[in-house]
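Spelled out, the chains give:
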Amino acid sequence: ETGVTQTPRHLVMGMTNKKSLKCEQHLGHNAMYWYKQSAKKPLELMFVYNFKEQTENNSVPSRFSPECPNSSHLFLHLHTLQPEDSALYLCASSQEWRISNQPQHFGDGTRLSIL
Amino acid sequence: KQEVTQIPAALSVPEGENLVLNCSFTDSAIYNLQWFRQDPGKGLTSLLLIQSSQREQTSGRLNASLDKSSGRSTLYIAASQPGDSATYLCAVGDSGTYKYIFGTGTRLKVLA
Numbered sequence: 515e516t517g518v519t520q521t522p523r524h525l526v527m528g529m530t531n532k533k534s535l536k537c538e539q540h541l542g543h544n545a546m547y548w549y550k551q552s553a554k555k556p557l558e559l560m561f562v563y564n565f566k567e568q569t570e571n572n573s574v575p576s577r578f579s580p581e582c583p584n585s586s587h588l589f590l591h592l593h594t595l596q597p598e599d600s601a602l603y604l605c606a607s608s609q610e611w612r613i614s615n616q617p618q619h620f621g622d623g624t625r626l627s628i629l
Numbered sequence: 016k017q018e019v020t021q022i023p024a025a026l027s028v029p030e031g032e033n034l035v036l037n038c039s040f041t042d043s044a045i046y047n048l049q050w051f052r053q054d055p056g057k058g059l060t061s062l063l064l065i066q067s068s069q070r071e072q073t074s075g076r077l078n079a080s081l082d083k084s085s086g087r088s089t090l091y092i093a094a095s096q097p098g099d100s101a102t103y104l105c106a107v108g109d110s111g112t113y114k115y116i117f118g119t120g121t122r123l124k125v126l127a
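Chains as they are written, first to last, in this note's numbering: chain A, 515 to 629; chain B, 16 to 127.
Hints should not be assumed to be uniformly reliable.
[Unchecked claim] In silico BS3-like cross-links for lysine-lysine, where the CA-CA straight-line distance does not exceed 30 Å:
no. : chain 1 : residue 1 : chain 2 : residue 2
1   : A       : K555      : A       : K566
2   : A       : K536      : B       : K114
3   : A       : K550      : B       : K114
4   : B       : K16       : A       : K554
5   : A       : K566      : A       : K532
6   : A       : K566      : B       : K83
7   : A       : K533      : A       : K550
8   : B       : K124      : A       : K533
9   : B       : K57       : A       : K550
10  : B       : K16       : A       : K566
11  : B       : K124      : A       : K554
12  : A       : K550      : B       : K83
13  : A       : K533      : B       : K57
14  : A       : K566      : B       : K124
15  : B       : K83       : B       : K124
16  : A       : K532      : B       : K57
17  : A       : K533      : A       : K555
18  : B       : K57       : B       : K16
19  : A       : K555      : B       : K83
20  : A       : K533      : A       : K566
21  : B       : K124      : B       : K57
22  : A       : K533      : B       : K16
23  : B       : K124      : A       : K555
24  : B       : K16       : A       : K555
25  : A       : K555      : A       : K532
26  : A       : K536      : A       : K566
27  : B       : K57       : A       : K536
28  : B       : K57       : B       : K114
29  : B       : K83       : B       : K16
30  : A       : K536      : A       : K555
31  : A       : K532      : B       : K83
32  : B       : K114      : B       : K16
33  : B       : K124      : A       : K550
34  : B       : K114      : A       : K533
35  : B       : K57       : A       : K555
36  : A       : K566      : B       : K57
37  : B       : K114      : A       : K554
Worth flagging that the hints you see were computed from the coordinates, not collected in a lab.
Okay, chain A solo, but in the shape it has when bound (with noise of 0.2 Å):
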């Protein structure tokens, strides 16, 4: 039990759907993330938030929209994906972001498969 809880584990969609993954942080903690982890490409961070604001899009298709509604629950809302979008999607929190000295944990992720 890493404290970051990530529902559903396994999503299979077509294209045209429209879906949402949910992040949940009983740390305490302020900032939150997602990561995508496709096979044999290192960890891409997409969004960061800290204290519920948008910190960071690090040049994600609009195909994927990110809300934060307070700082524990993160969401990632998925409509009109590629095939090539098909990865473990990670979540993440930790203490505050742009705090050296206090690691990041994270959830089991979301194995994502796009038909």
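Fit chain B to the given chain A structure using the hints.
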């Protein structure tokens, strides 16, 4: 642009062996470096975090060192066990952007 490389990509060792995993980075302007473990189908678990002012960190059988000037970090695992089998990822905290830049990992298999 910061790049992180991990060598080897995969490693298979007999139980009980001491081993070293390597991580190299191209830009020495980092604020910290983190080693993670990832089990199949799971997220990342933080093992050790070294701040830029530190040379090493230890936790149990794990020891991580950092040499910023040469752009290298090593993760030393003593007396390896089958339960250590996992993928080990290195992530560098970039000073300019405050983003973590990840390597592609070393997939370790410890044979009983």
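The hints, checked one at a time:
1. K555(A) / K566(A): With Cα atoms ~29 Å apart, K555(A) and K566(A) stay inside 30 Å; holds.
2. K536(A) / K114(B): Between K536(A) and K114(B) the Cα gap is close to 22 Å, so the pair holds against 30 Å.
3. K550(A) / K114(B): Cα-Cα ~14 Å, so holds.
4. K16(B) / K554(A): holds, 20 Å
5. K566(A) / K532(A): holds, 23 Å
6. K566(A) / K83(B): violated, 33 Å
7. K533(A) / K550(A): Holds, at about 16 Å.
8. K124(B) / K533(A): Given that 30 Å is the threshold and the Cα spacing comes to 36 Å, the pair is violated.
9. K57(B) / K550(A): holds, 13 Å
10. K16(B) / K566(A): Between K16(B) and K566(A) the Cα gap is close to 28 Å, so the pair holds against 30 Å.
11. K124(B) / K554(A): holds, 17 Å
12. K550(A) / K83(B): holds, 27 Å
13. K533(A) / K57(B): holds, 21 Å
14. K566(A) / K124(B): violated, 40 Å
15. K83(B) / K124(B): holds, 28 Å
16. K532(A) / K57(B): Cα-Cα ~25 Å, so holds.
17. K533(A) / K555(A): Holds - the C-alpha atoms of K555(A) and K533(A) are around 24 Å apart, at most 30 Å.
18. K57(B) / K16(B): holds, 29 Å
19. K555(A) / K83(B): holds, 24 Å
20. K533(A) / K566(A): Satisfied, since the Cα-Cα distance of roughly 21 Å is no more than 30 Å.
21. K124(B) / K57(B): Between K124(B) and K57(B) the Cα gap is close to 16 Å, so the pair holds against 30 Å.
22. K533(A) / K16(B): Since the Cα atoms of K533(A) and K16(B) sit roughly 34 Å apart, the hinted pair is violated (cutoff 30 Å).
23. K124(B) / K555(A): Given that 30 Å is the threshold and the Cα spacing comes to 20 Å, the pair holds.
24. K16(B) / K555(A): holds, 17 Å
25. K555(A) / K532(A): Since the Cα atoms of K555(A) and K532(A) sit roughly 26 Å apart, the hinted pair holds (cutoff 30 Å).
26. K536(A) / K566(A): holds, 15 Å
27. K57(B) / K536(A): holds, 16 Å
28. K57(B) / K114(B): Holds. K57(B) to K114(B) sits at ~22 Å (cutoff 30 Å).
29. K83(B) / K16(B): holds, 16 Å
30. K536(A) / K555(A): Holds. K536(A) to K555(A) sits at ~23 Å (cutoff 30 Å).
31. K532(A) / K83(B): violated, 45 Å
32. K114(B) / K16(B): Holds. K114(B) to K16(B) sits at ~12 Å (cutoff 30 Å).
33. K124(B) / K550(A): Holds: K124(B) and K550(A) sit about 25 Å apart, inside 30 Å.
34. K114(B) / K533(A): Satisfied, since the Cα-Cα distance of roughly 27 Å is no more than 30 Å.
35. K57(B) / K555(A): holds, 16 Å
36. K566(A) / K57(B): Given that 30 Å is the threshold and the Cα spacing comes to 26 Å, the pair holds.
37. K114(B) / K554(A): Holds: K114(B) and K554(A) sit about 20 Å apart, inside 30 Å.
Hint compliance for this structure: hints 6, 8, 14, 22 and 31 are not met, and every other hint is.
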